[in-house]
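So the chains spell out like this:
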Amino acid sequence: MTAETSEHVTQPLPGTVQLGKEIERSRGPWVDAGRRLIRHRAAIVGLVVIIAFILIAIFAPRLTSYTYEEQNYLAVNTAPKWVIDVFPKMKATGEEMGYVRVNNDYLLGTDALGRDLWTRIIFGARISLAVAFIGPLTSLLVGTVFGMVSGYVGGRVDNFMMRFVDIMYAFPTLLLIILMMAFFRASFTQSEVGTLAYRLNKIDAAFGGMLFIFIGVGITSWMDTARLARGQVLSLREKEFVEAARSIGVRDTAIIFRHVLPNIMGPVIVRESLAIPRYISLEAFLSFIGLGVNPPTPSWGSMISEGSQAIKSYPNQAIFPALALFLMMFAFNFLGDGLRDALDPRASEANK
Amino acid sequence: MVQYFTRSLLGLLFVIFAVSVITFFLMHQIPGGPFAREKKLPQTILDNLNAKYKLDDPIWKQYVDYMSDLLVPTITTGPKKFSVTDDHLFNVKLPVGDETTVRWMNFGPSYTDRTRSVNGIIQKHLPVSFKLGVASMLVAMVIGIPLGTIAALRKNSTADYFSMSVAILGVSIPAIVLGPLLQYVIGVELGWLPTSGWGSFEQLIMPAVSLGFAQSALLARLTRASLLQVLNEDYIRTARAKGLHGSQVVVIHAMKNAMIPVVTVLGPLFAALLTGTFVTEKVFGLPGLGQYFIISINQRDYATIMGTTLLFAFFIVVANFIVDLTYVWLDPRIRFD
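Protein chains in written order, with the working numbering: chain A, 1 to 352; chain B, 1 to 337.
If you're looking for bench data, these hints aren't it; they were derived computationally from the structure.
Honestly, I wouldn't trust all of these hints.
Unchecked claim - Residues on chain B that point at chain A, a partial pick, calculated with CB under 8 Å:
{"hint": "1", "residue": "VAL19"}
{"hint": "2", "residue": "VAL21"}
{"hint": "3", "residue": "LEU26"}
{"hint": "4", "residue": "PRO31"}
{"hint": "5", "residue": "VAL166"}
{"hint": "6", "residue": "ILE168"}
{"hint": "7", "residue": "GLU189"}
{"hint": "8", "residue": "LEU190"}
{"hint": "9", "residue": "THR195"}
{"hint": "10", "residue": "ILE297"}
{"hint": "11", "residue": "ILE316"}
Please read all numbers here as calculations on a predicted model, not as lab measurements.
Glycine residues also receive a C-beta, built at the ideal position from the N, C-alpha and C atoms.
Isolated chain B (complex conformation) (with noise of 0.2 Å):
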């Protein structure tokens, strides 16, 4: 047990160290740096700039100062004054002497951004591409664990047709289809939802739903297709003839492992609806983390690609972790070898 999580754990420090090292030499090699302008930069600028920034250090060198600086903690003393390149993303106070601060996790300054950090810009906008898709992972939960179970249950009914249908339309619907949808029917025609804008609760309603849509589509399929599997197996005959209610079956006996598959891939759709924020905060015009990600690759602004990619990948990568957990809980039958 302990050895089968050291090496999902192991394997999910390779995952991002793998990604931090092909995205920090593939950015380098995008030709065109983060201050080419149109109107080219006189050279003594230009050469000021890459040396304040260290972009003529050899490659390897730019990569090694990144990620020390990123995953080295400092402690300093004193009051601290706010700099673009000292920034941290934690900052634990220790009891001993004077304002003796942990400081960890320095994404380094934004290029193309003078005033600002990547670590600013990550705790600006971050809370919001997350809360987004917190909320339509809650939609697609929602909308189609329900569906495929009743359309389980109640095999070949209307119901089981409707929520099908249903299904198929969801999977045929991207976000990219969806969300300009909802927001011309119900937000333009009927009035009902603002727009766009970011804030209340209703304005995270459309984007939460033209996102998870889809997903709540997938989930029911799986949903359907484990449960009915799972309602054919022996053990639940033997829960039935022993006189158990039909509810008691299905909620105690069958749902617990009809979600084995459904658990496995929350985390692929976790994954799945964090990058599809990108698309989403664009249509609704929401402040989220996404922008920046693609804003800055076009701008090559190296840090905040670098801070954004990682920070997109831990949590995918977190969450295919945590489906690993689930999954041991769920099943005790697998195998840790």
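Just chain A, same shape as in the assembly (with noise of 0.2 Å):
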């Protein structure tokens, strides 16, 4: 903060010549976001751990010379020579009391049935961070659209509109979440061929699982974002520069996109980006009760929850899932903060 003050300070006294003048002008509140960022040391922490992420789950089927399904009954619950050096009462055959076959093949152990750990954790990154970026997707519609509707109408239906976001809000909507989920298992996979549900059941496959999850995060998180939505445009509504629009005949339509949208689009963004930790617990959580992904399909959340019914004799099948997921939320928590300070500095200034 204290290097831009200085900046609007140092700005050159009028007649002078001014190097660079043009581009100073032509610097719009989005690069003025994107300076305030990079300034935010912890932020671009996260954004190189997440951009490392992404890299690791788009060239996965690189970086491993196993697939995720794939089961080696030979190789069952083993570990490599560093892991059990690591935890300390990890003892190899061979030692007293020793328990853990000692496999240097692969990289992190293998799991229960035989299965490369390095490999289901790069390949669960997938699920982890389609669901950091869907989720946000899905709720920014949905709710952005809902709240401008309901705020820009206004009168009765806004009334009716955020009573239903009451209801929603009261709901207990991990319940919900997790009926539903049981509900789109078991009966999209029974449907008959050619009808709506058999063709999302179809796509949900293709994708692992993942299509519900999606649906379900969806469905229980938009009311947040609606909400906000709602009181942006509701203060904007009245502003001179729309009021202006209104005047020379801009339909309402147009209102609302061209000068209400860019408007609430950054308080909405960092409250989504803000989100992102809730949306990849959220999968993990539904992966661990066992509503998830489709098994052989990995997630870190299954990974844990099988990794945990055997943590006392091998504790890396558990405990690697759970770093990695451990460090995906850190870094987006991170560049969630760093967010917040660089498009919304009122807010940030408050915290500060």
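Both chains are sitting in their own frames, so use the hints and assemble them into the complex.
In structure tokens:
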């Protein structure tokens, strides 16, 4: 912040030769935000970690010589030497009371079915990242539209729509999402060929069970965004520039999309980026309780669930995916904080 | 005021009603029934079972039957034998006649465990989940609120940065990560606390911490932001100008107002903790109700699904209701329209 204020102070006096003046002028709010973001060190660390995860997720097949579903019955519950050294209570066969078979072919060891942990973790990054991007997108789409319509139309419609949001708020959404996941999983797999349900199930199966997670996440997470968008629209609606637009005969849809939407995007994006870790952990939670992705598609949640059954003997099976999940959520939290400071400086003033 | 409470109370009842309707119809839509086996039961047996549990009735009739069993109190006289179909949560003996008892809330029999009623399952396993939920809520508040307060009072100091780092750590570490991690480090490696089981105080610590820690981070951030805002208000300056002690200003003047946003999240927070018990119970092998909720869905045990869902929904909604009340108490300016 200090660097920026000094920039304004040291602006050249009028009349002096101003190199780069044009650039200074064309600098829009987004460029400003970008600069603030780059100055935020923690956010950059987060961003780098996320990019690393994205690269790993994209090039996952090239980073391993196994597939995530490949089971090697000769290498069940093995661990390489270094893993056994890291976890003091793990004892390799040959030592006194040793029980872990050493197999250095697998970087992080294998699980109870003889599948490579490293491979499953890097493929699991795909699921978490997909949720991290599509979760906010659905919430953004549904919530913003709902909130904007409610706020812009106003009156009785607004009242009705907001009551609905209130009810959804009080609703125990996690119970609902669990029931819905069970419903989707069971009913769509038994649907007849040609129906919509059948097609949805095909899409879902193609993505390893992710579609239903997206639907579930979307249904339960748009209310915050809707409230925020509505509040913003309510205050913007009375602003002069909107009035001006209306007075020269701009249609409502154009006003909403051209004049109101760009102005509410900042706070909404901040909100969504701060919510990303929540989406990631929601997916992990669903997979953990067995209602997330379809096995054998790897998800960190289901890996932790399987691994924690044997945490006393083979801690590596739960701890490594847990660390991956932690690292990703940490990175997104950092980035979210940075984005908030960059896009919503007024809000972060209060926090500073 | 009265109007305000009546309205929140009506809202509460409406939400529970909506939950019951949605759950009932959704669960009956899930293909497969409680008696679907991999090896199919003979048709006659299936027919008999369906008839016994009235699964042949139209769905709306089943709903009405279920709800009336649940909500309409019955009065019985004389001693009562235990029966899974007729087991009530509340039994109040009346002073008149011999053994005249008002019985209320019959959750029906479990469909998959023939020897138990849903009421029996609830009575046995709910206390576990509830205790865990309350304990983790305490953990969240005891860690979160002081941490946020210190951070706000010593703004931009090392203590501030430290507690905000802890907070960022906390929100990044959900129970499914912290649970196994604690279990391994403290339970297995250091051997300080038992890794699983239920009953003793030691066995409660790790589950409660793993569940409550993430929420404590949220509370810390919120407390800090809200207290900072309040400390900038004019009336705080006035209080200081009057010559009150720093601690007096904070405790008496600032904290009450700073807690308003904190209190508002306690309701959703308790809901998150209660549903979070599903995970923690599984990691630490606790005999809680959350497990039953998940298992009953997978087994299409209709009565158990309904019973557990309604119960969880009830607690969540009541927590929100209590928050509404506290809110009014904390901030009398809140309008009642």
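Is the interface hint for VAL21/B satisfied, with its Cβ closer than 8 Å to some Cβ of chain A? violated, 12 Å
Tell me if the interface restraint on LEU26/B is satisfied: Cβ within less than 8 Å of some Cβ in chain A. It holds, given that the least Cβ distance between LEU26/B and chain A is near 5 Å, below 8 Å.
Can you verify the interface hint for ILE316/B: is its Cβ closer than 8 Å to any Cβ in chain A? holds, 4 Å
Please verify that hint: PRO31/B, Cβ, nearest Cβ of chain A, below 8 Å or not. Hint holds; PRO31/B Cβ to chain A Cβ min 5 Å, cut 8 Å.
With a cut-off of 8 Å, does the beta carbon of GLU189/B approach a beta carbon of chain A closely enough for the hint to hold? holds, 6 Å
Does the interface hint hold: is VAL166/B within less than 8 Å of chain A, judged Cβ to Cβ? violated, 13 Å
Hint validation: LEU190/B versus chain A, beta carbon distance must be below 8 Å. Holds or violated? violated, 10 Å
Can the hint on ILE168/B be confirmed by a CB-to-CB distance to chain A that is less than 8 Å? holds, 6 Å
Report holds or violated for the interface hint on VAL19/B, using the least CB-CB distance to chain A and a cut-off of 8 Å. Cβ of VAL19/B sits 7 Å from chain A, so the hint holds.
Given THR195/B as an interface hint, is the shortest Cβ-Cβ distance to chain A below 8 Å? holds, 7 Å
Under the criterion of a CB-CB separation shorter than 8 Å, is ILE297/B in contact with chain A as hinted? holds, 5 Å
When the structure is compared with the earlier hints, violations turn up for hints 2, 5, 8 and for no others.
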